[in-house]
Every structure is written in C-alpha cells, then in structure tokens.
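> As numbered in the working numbering, residues 94 to 365 make up the sequence shown, in order.
Simulated from the structure, these hints should not be mistaken for lab results. None of the values given here were measured: they were computed from a predicted structure. Do not take every clue at face value.
[To be verified] In silico BS3-like links for lysine-lysine, alpha-carbon gap of 25 Å or less:
| no. | residue 1 | residue 2 |
| --- | --- | --- |
| 1 | K236 | K279 |
| 2 | K223 | K265 |
| 3 | K223 | K294 |
| 4 | K294 | K279 |
| 5 | K325 | K265 |
| 6 | K223 | K240 |
| 7 | K117 | K169 |
| 8 | K294 | K207 |
| 9 | K129 | K236 |
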Amino acid sequence: MINFNGNIVSENNNQINFNNRAFKYGDALFETIKIKDETVLFCEDHYFRLMASMRMLRMQIPMDFTLEFFEAEILKTINANTGTENRVKFTVYRDADGLYAPVNHQVSYVVEAKKVEVVIKNDYVVDLYKDFMINPNLLSTVKTNNKITNVLAGIYAQENEFDNCVLLNSNKNVVEFTNGNIFLVKGNVITTPPLSDGCVKGVMRKNIIDVLEKNADFEIEETSISPFAIQKADEVFLTNVIVGIQPVTKYRKKTFETKTVAEITELMANLG
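Assemble the whole structure, with the sequences as input and the hints as a guide.
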C-alpha cells in the first residue's frame, strides 16, 4: 500500500499518468527516510530539507504541510502496511499542466514504505566513475528526480563488480558516492566535500558533522577533495540515513583500515 495525497491505495493502482511532470521533466524531489520502532528518525532534518528544496524549486507549499503533517503521513503509510517497514520514500512533484513552464506550482505527493535489510559489509570495494560528472551548483545539493549520473554510475559499479562508485564534479573534485556522502580520515582529521562542490545536503552528513564538531578527539573539515586524496587517506566511509555509516575497505590498490570509522559509528549510534 502507498500513500497518495493522503489516501492509502494499492501500489498496483496506477495513480500517476503519463503527463506527470515528475515523469516528463524530473520536476520532483524526494526524501529517503529511516523508520525505527515506528519512529521517524531525523524527522525535523528531513522536513526542513524538503521545505527548503521545495522553495528552491519554486513549488507551492500547502498551508497544512507542517512538520506534524509530514510525520503523520509517513506513519500512516507504515501502519497501512505490515508496520515493519523501515525505509520510506516521500516524493513531492509539481502537479500541473504545461511544457517546461508549468501553468501553476501546486504539488502532490506519494509516500512509499518498504522493508529493507541493512547489512554493513566487511568488504566494500569502490572505484572512480569518470564518464559523466556533477555540476557544482546549489541545485546539485537537492535530492531531485534528476539522478541519471547516479544511475549510470550504479550500472558501472554493477558491471565491474564494485560495491559503489565515487562521483566527480566538473572541476575533477570528489563529490559523493552514488547513494551517499563521502568522508575521508587522515589521522584525527575528517574531511568531506563542501556543498559548493555539488554534493547532496545529506541528513546523515549534517548530523555527523555536528557530532564531530563537538568532539575534541576529531577535527572536521569541509574542503574540496581530489581523487588522489582518497588513496592517501587512512580510512574512507560512506554515509546515508538508511545504512548509517559504511566503511570502505578498498579503492583501487589501496586497502583501508576501519578503526576510526568504528569509533564514529559508535558516536552516532544513539542519534535519531
């Protein structure tokens, strides 16, 4: 069952036709949200990122689209299913006629809930994806439905039996993984690309930065990262709200430790 504009309907019931702007133009954005014990983790972070993204895309935000409404619609979807789902995708799209220019800016939304098994892999091998690159601008930080570069990088990883790929921007700097933000560890210094380099404004990224800034044992830096810096790092890890923190064990010929990543994972264990 899915939640379509507040109504619980079968996922087999086609509610979106071929004129939908999300399908035609990618005129949509989404939040991927983790549920634990019927609690929406990082609910406020997801809500405020969604609101900021809708404003950036000049979508009309309904008056009743409050934080409480957002959370209630997610939990309604969970409860309409088995109640054990732990991954929610909340998609908002501009529900209007028109070509590139819409006739209005009203929105509709779809909430999907799935059960996923989250497994932190002991061996996690990644490589660089260089066929297409991310444009380093503010729009790249938003989780829109325009993710073809990530799709092609995911296919490249499958074809070459990698667990993931690192994406670059047009300045040849490291941006992120196909499905999460990237952090490098060198001694006690943790680095991650700045939003100005085009990485997604990840909820887990934000919370990790907040925690590390308050921890005297680590120094966190948001700075541009060259691909060569990956090979020089002591450790590398991926973050997103579903997986949490996934250590990288190998990049090309470089094998990484995971000791510091384990410490950071422990620091983040009680957040949500």
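> Hint by hint, note whether the structure agrees.
A quick look at each hint next to the structure:
1. K236 to K279: violated, 29 Å
2. K223 to K265: Roughly 9 Å between the alpha carbons, so the hint for K223 and K265 holds.
3. K223 to K294: Roughly 22 Å separates the two Cα atoms, so the pair holds.
4. K294 to K279: holds, 23 Å
5. K325 to K265: holds, 17 Å
6. K223 to K240: holds, 15 Å
7. K117 to K169: violated, 29 Å
8. K294 to K207: holds, 23 Å
9. K129 to K236: Within the cut-off at roughly 22 Å; holds.
Violated hints, listed in ascending order, are 1, 7; each of the other numbered hints is respected by the structure.
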